[in-house]
Each structure stands twice: as C-alpha cells, then as structure tokens.
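First to last, the sequence lines map onto chains A and B. Quick note on my numbering: the first sequence kicks off at 415 and runs consecutively. Quick note on my numbering: the second sequence kicks off at 18 and runs consecutively.
Treat the hints as calculated values from the structure; they're not laboratory data. It should be emphasised that the depicted structure is a prediction, and the values quoted were computed from it without experimental measurement. There's no promise every hint is true.
To be verified - No farther apart than 30 Å at their CA atoms in a straight line, the calculated lysine-lysine pairs in the DSSO-like style are these:
id	chain 1	residue 1	chain 2	residue 2
1	A	LYS419	A	LYS485
2	A	LYS485	A	LYS470
3	B	LYS74	A	LYS485
4	A	LYS482	B	LYS95
5	B	LYS74	A	LYS482
6	A	LYS485	A	LYS452
7	A	LYS526	A	LYS452
8	A	LYS482	A	LYS468
9	A	LYS452	A	LYS419
10	A	LYS452	B	LYS95
11	B	LYS95	B	LYS74
12	A	LYS482	A	LYS470
13	A	LYS526	A	LYS419
14	B	LYS74	A	LYS468
15	A	LYS419	A	LYS470
16	A	LYS452	B	LYS100
17	A	LYS485	B	LYS95
18	A	LYS485	B	LYS100
To be verified - Chain A residues, not near chain B, derived (Cβ > 12 Å throughout):
id	residue
19	SER426
20	THR440
21	GLU456
22	LYS482
23	PRO493
As the list claims (entries may be wrong) - Facing chain A, a subset of chain B residues (Cβ under 7 Å, in silico):
id	residue
24	GLY57
25	PHE62
26	ILE71
27	PHE82
28	ASP103
29	SER104
30	GLU121
31	PHE124
Note that beta-carbon positions come from the ideal geometry of N, C-alpha and C, so glycine has one too.
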Amino acid sequence: DQQVKQNSPSLSVQEGRISILNCDYTNSMFDYFLWYKKYPAEGPTFLISISSIKDKNEDGRFTVFLNKSAKHLSLHIVPSQPGDSAVYFCAASANNAGNMLTFGGGTRLMVKP
Amino acid sequence: EPEVTQTPSHQVTQMGQEVILRCVPISNHLYFYWYRQILGQKVEFLVSFYNNEISEKSEIFDDQFSVERPDGSNFTLKIRSTKLEDSAMYFCASSPGQMMNTGELFFGEGSRLTVL
C-alpha cells in the first residue's frame, strides 16, 4: 500500500537553514493532510494540517504547501533548530473514511548545530 | 497538558497467548483509535471507535482483534491468539471530534508487543 509516500528516508540540514520535507499521494479521495513529528520512544505528535481547499497553511516556523494537481505536499521548517531533529510523518485522510489516517513511511530529519 | 496514556509500555508474550493493551484517552475526547507500527514499516490504522462501537476498521483488524471501552475511561485492544507477525508498537489515539473540524489525533507513547 503506497497511497502516501515519503521518498526521502532522511534529510540533514544545518541549524538556521530551511528544512523541506516532501510527501506524495496517489489517492484522489484524500482531502485532509497532516504532518506528525515523532521522537524515539514517543508517539507521533501533531504539527500542522491542511485541507484540500487550501494550498498553504502556516503556523510559526512550520508551513505546509499543498499542490493538488501534482498530488504533492511539503513541510517547510524555517529556521531549523536542533530540537527539530525527529522523524516526520505525512498523513492523509479521505472525507468518506472518517478519521482514518494513512501514513507515509517517514523522513528522519537531522538538524546539525 | 492532557495526554493519552498507554499500558504496558512493553509486553512479551508467547505465540498463541491472549494480550490486552490498555489506553486512557483524553477525558473529553469522543473518538478513539488504535494504530500499529511494525519495526521498520509505516504506521498503520487498525480501528476507530465512536459512541461505543467500531466506526471503521482496516483489513488488519481481523477476528483475532477486538476493542472495548469497558468503564467509560479505558479503551482496550485485545489480541485473542497472538502470532509472531503481531509484534509491533501499538499506538492508541483519541480526538475530540471529526478530524476535519478539530485538526488532529492525540497519540499515546505506544505499547511495544513482542511475540515469541
């Protein structure tokens, strides 16, 4: 099942620079997208979400962009901080599937001081 | 800050044994979920629960799995006869309402199940 894909298993960024994490999806029924962050030995923590009626949502250092025609979304973190080092999961939901989330495989972000 | 709590943090069991994983969702939340992550694989949806019944379930959630909210606070996942491939981290989550309106699911720290 590859409905949500994160093609980069890892990303290394210098502190203060921008981190861009990418996510692609195939299911055109997806209409709500979320990013979660996960530290080792903890559960996923919600970061930011976007509805399919928008193309951008911003919350502090985090911005999510949605390109529906390309079935692509990205998470921008700027400026990146060492505490941002974690695994980031993209997730998607279809309105006809209630609250069921389909997750991508995750991207491990390492922010170097 | 309210949080979802899960017990046990780690359980080791023999194949064929029954296992119950417990969760205390955030108190005013109405929707409850179980997800799992097999080592090295994606987080996968198992089941969602609302108004004391299953609202959705995945193909993974077969007859050996069941969920229950026995006392209005705990939310349990029972695996009736464990198999080796059930070894995974099991995450409980809750949300106050429909995700489109409320934004996100709140996850617990997970229960690691090891089946020998």
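(message) Tell me if the straight-line CA distance from LYS74 of chain B to LYS482 of chain A falls inside 30 Å.
(response) Status holds; Cα separation ~27 Å.
(message) Would the hint linking LYS482 of chain A and LYS95 of chain B be met if the CA-CA limit is 30 Å?
(response) violated, 39 Å
(message) So if I understand the rule, the pair passes when the alpha-carbon distance is 30 Å or less; does LYS95 of chain B with LYS74 of chain B pass?
(response) Holds, at about 14 Å.
(message) Run the distance test for LYS485 of chain A versus LYS95 of chain B: straight-line Cα separation, threshold 30 Å.
(response) Cα-Cα ~37 Å, so violated.
(message) Tell me if the interface restraint on GLY57 of chain B is satisfied: Cβ within less than 7 Å of some Cβ in chain A.
(response) Result: violated, 9 Å to nearest chain A Cβ.
(request) Classify the label on THR440 of chain A as holds or violated, using whether its beta-carbon is more than 12 Å from each beta-carbon of chain B. (result) THR440 of chain A clear of chain B: closest Cβ-Cβ about 14 Å, beyond 12 Å.
(request) Sort out whether LYS468 of chain A lies within 30 Å of LYS482 of chain A, counting only the CA atoms. (result) Status holds; Cα separation ~9 Å.
(message) Would the non-interface assignment of PRO493 of chain A survive a Cβ cutoff of 12 Å against chain B?
(response) Non-interface label stands for PRO493 of chain A: nearest chain B Cβ at 24 Å, farther than 12 Å.
(message) Does GLU456 of chain A clear chain B by more than 12 Å, comparing its Cβ with all Cβ atoms of that chain?
(response) violated, 5 Å
(request) Starting from LYS452 of chain A, check that the Cα of LYS95 of chain B is at most 30 Å away, please. (result) holds, 25 Å
(message) Tell me if the interface restraint on GLU121 of chain B is satisfied: Cβ within less than 7 Å of some Cβ in chain A.
(response) holds, 3 Å
(request) Starting from LYS526 of chain A, check that the Cα of LYS452 of chain A is at most 30 Å away, please. (result) holds, 18 Å
Checked against the numbered hints given earlier, this structure breaks hints 4, 17, 18, 21, 24, 26, 27, 28 and 29; the rest are met.
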